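Colleague: Note that the protein sequences, when read in sequence, are chains G and X. Mind the numbering: the first sequence is residues 1 to 298 in our numbering, read in order. Mind the numbering: the second sequence is residues 1 to 298 in our numbering, read in order.
Since the hints were derived computationally from the structure, they do not count as laboratory data. Because the structure is a prediction, the values reported are computed rather than measured. Be careful, since some hints might not be right.
Which copy is meant is left open, because identical chains are indistinguishable; a pair holds if it fits in one copy or across any two.
[Unchecked claim] In silico SDA-like links for lysine to any residue, alpha-carbon gap of 20 Å or less:
| no. | residue 1 | residue 2 |
| --- | --- | --- |
| 1 | K297 | T261 |
| 2 | K215 | E65 |
| 3 | K215 | E177 |
| 4 | K297 | H200 |
| 5 | K249 | V30 |
| 6 | K249 | E110 |
| 7 | K48 | L295 |
| 8 | K145 | A27 |
| 9 | K145 | G280 |
| 10 | K169 | D109 |
| 11 | K243 | V20 |
| 12 | K145 | F298 |
| 13 | K145 | H131 |
2 protein chains.
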Amino acid sequence: MTDTAFQAWMGDVQARMEAVLARLLPAAHVAPTRLHEAMRYAALGAGKRVRPLLAFAAGEVTRAEAPRLEIAAAAVELIHAYSLVHDDLPCMDNDVLRRGKPTVHVEYDEPTALLVGDALQTLAFQLVAEHRLADEPREQLEMVKLLALAAGSRGMAGGQSIDLEATGKQLALPELELMHIHKTGALIRAAVLIGAACGHPLGAHQQAGLDRYAKSVGLAFQVVDDLLDYEGNTATLGKTAGKDSKQGKPTYVSAVGVAGTRELAEELRREAHAALAGVGERGARLASLADFVVLRKF
Amino acid sequence: MTDTAFQAWMGDVQARMEAVLARLLPAAHVAPTRLHEAMRYAALGAGKRVRPLLAFAAGEVTRAEAPRLEIAAAAVELIHAYSLVHDDLPCMDNDVLRRGKPTVHVEYDEPTALLVGDALQTLAFQLVAEHRLADEPREQLEMVKLLALAAGSRGMAGGQSIDLEATGKQLALPELELMHIHKTGALIRAAVLIGAACGHPLGAHQQAGLDRYAKSVGLAFQVVDDLLDYEGNTATLGKTAGKDSKQGKPTYVSAVGVAGTRELAEELRREAHAALAGVGERGARLASLADFVVLRKF
């Protein structure tokens with residue numbers, strides 16, 4: 001796939017997701033208006049929409065219909081948005097900038113930000129339950145479960161907890177990996193698997209390949225995030241740069257150095273490509289997304 | 001039903017729920033251990049288990065099987081437990097005592113309490129998705145949706161937001177009612193409807209009666225809570241007494257006085273009983289629960 005075609009596709013999915021989320025989030029004039037306005041503030045505008053892109057690309061593998069993918073991608077993105085709002089709170093990372101805007105507790109207030117995160121999470125599950133995303137309701141219940149496992153204490157929230165305990169410590173590579181498999185990897189994996197589940201079932205071999213791909217990309221995403229946080233500047237990132245090391249958080253850069261981190265990212269990119277071998281032509285976008293995740297500058 | 005029989009039934013459901021939640025919550029030795037330990041701390045021990053009691057009693061109306069009711073009741077109770085943990089946080093009610101124990105952020109720390117609430121909510125949805133609660137998966141997806149609507153921005157979380165904006169103001173009765181229908185009523189209603197949905201479908205007339213019952217009991221619960229908060233002492237309540245008025249929150253007592261609040265509670269109790277008229281014998285426990293909710297002293 002040419003770079004231009006891929007860029008156009010990305011722009012299309014991103015614009016589509018903005019419209020979809022704007023439609024699915026409660027309107028700002030619906031009571032309680034302050035909460036709904038703040039939920040929209042948190043979830044709309046900017047955002048790379050990496051998880052929706054992955055869901056749409058995975059949906060191409062299984063020939064899933066766009067209306068289903070829109071809902072599935074929105075649900076995953078809302079879980080991601082909720083986690084950002086809560087992570088930014090003063091008792092967590094205490095961050096003031098996100099996606100180039102003041103964070104929710106800065107723009108509104110702390111209790112509102114707490115409720116925004118809570119309600120965005122709930123909305124994600126509501127969406128998966130109330131729209132038709134699979135031919136069989138049984139398969140759709142599996143999606144709810146997949147999303148819950150990815151978001152909960154043995155997934156994303158668990159990764160946050162490991163992160164809390166690790167602050168101020170230097171972790172070895174395997175421990176660092178365990179933290180990020182939970183913190184970022186689980187939800188990215190869910191984006192791929194739920195996107196694929198919107199379409200026709202895959203054979204066991206292809207499904208396993210897709211899962212391996214998702215795990216590699218999920219980890220690569222965090223590895224590159226650490227690099228960007230180390231090298232980056234706040235304007236390009238749209239969030240505070242260098243905050244991880246400032247907060248004493250263990251990172252790949254502190255564990256294996258800049259060169260080692262770059263090498264690791266490359267290795268994960270190769271693994272992601274290799275995992276798609278059995279998927280065939282329809283995996284082209286997923287392959288391009290693996291490149292995008294590793295080569296991105298923001 | 002005799003008082004003794006009803007008391008025994010309540011004790012039985014409460015003990016059963018403790019065991020069920022202990023089984024369904026991740027074990028404290030499973031990583032991340034601190035998060036899992038704190039989740040168990042938040043959800044186990046004490047608690048009146050009003051929502052599980054309502055779910056079980058509603059399940060009697062539709063002859064639902066106990067294993068299904070256990071899961072449904074646990075899911076609703078976990079949503080309730082999550083909301084308590086987040087409500088108690090310093091940026092919200094800043095409370096130090098809950099169910100006779102230090103609140104989660106006091107016993108652990110604030111970021112852990114944030115994650116505990118987040119992960120308890122997720123677990124609730126996981127439970128409804130992964131256990132068989134209805135004959136048809138389609139009905140079960142309806143349960144996920146019902147729970148999400150009750151918990152989200154147009155339910156419980158929305159009620160919290162209305163509450164935030166109302167602090168320091170004196171609300172008129174209709175506004176107060178709107179706040180509590182969201183804040184407490186929505187989840188209590190969900191407990192009744194999800195409990196009933198575990199069994200055989202009701203006719204439209206009976207279903208409507210059950211819904212009216214649930215709404216009356218949900219509101220009665222909050223009305224009585226305001227009375228107890230006004231009259232109570234901290235030891236009996238297991239949480240800080242008198243905090244609502246101290247925090248400048250509008251209450252029924254401040255809106256219509258003590259006598260008026262008592263009268264309102266009685267009226268709602270009569271409405272709850274009347275709503276059960278079409279349900280017949282199988283609604284006996286629900287009727288007793290309406291009495292319990294209104295006449296309780298803690």
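Colleague: So which of the earlier hints does this model not fit?
Modeller: 2, 4, 5, 9, 11, 12
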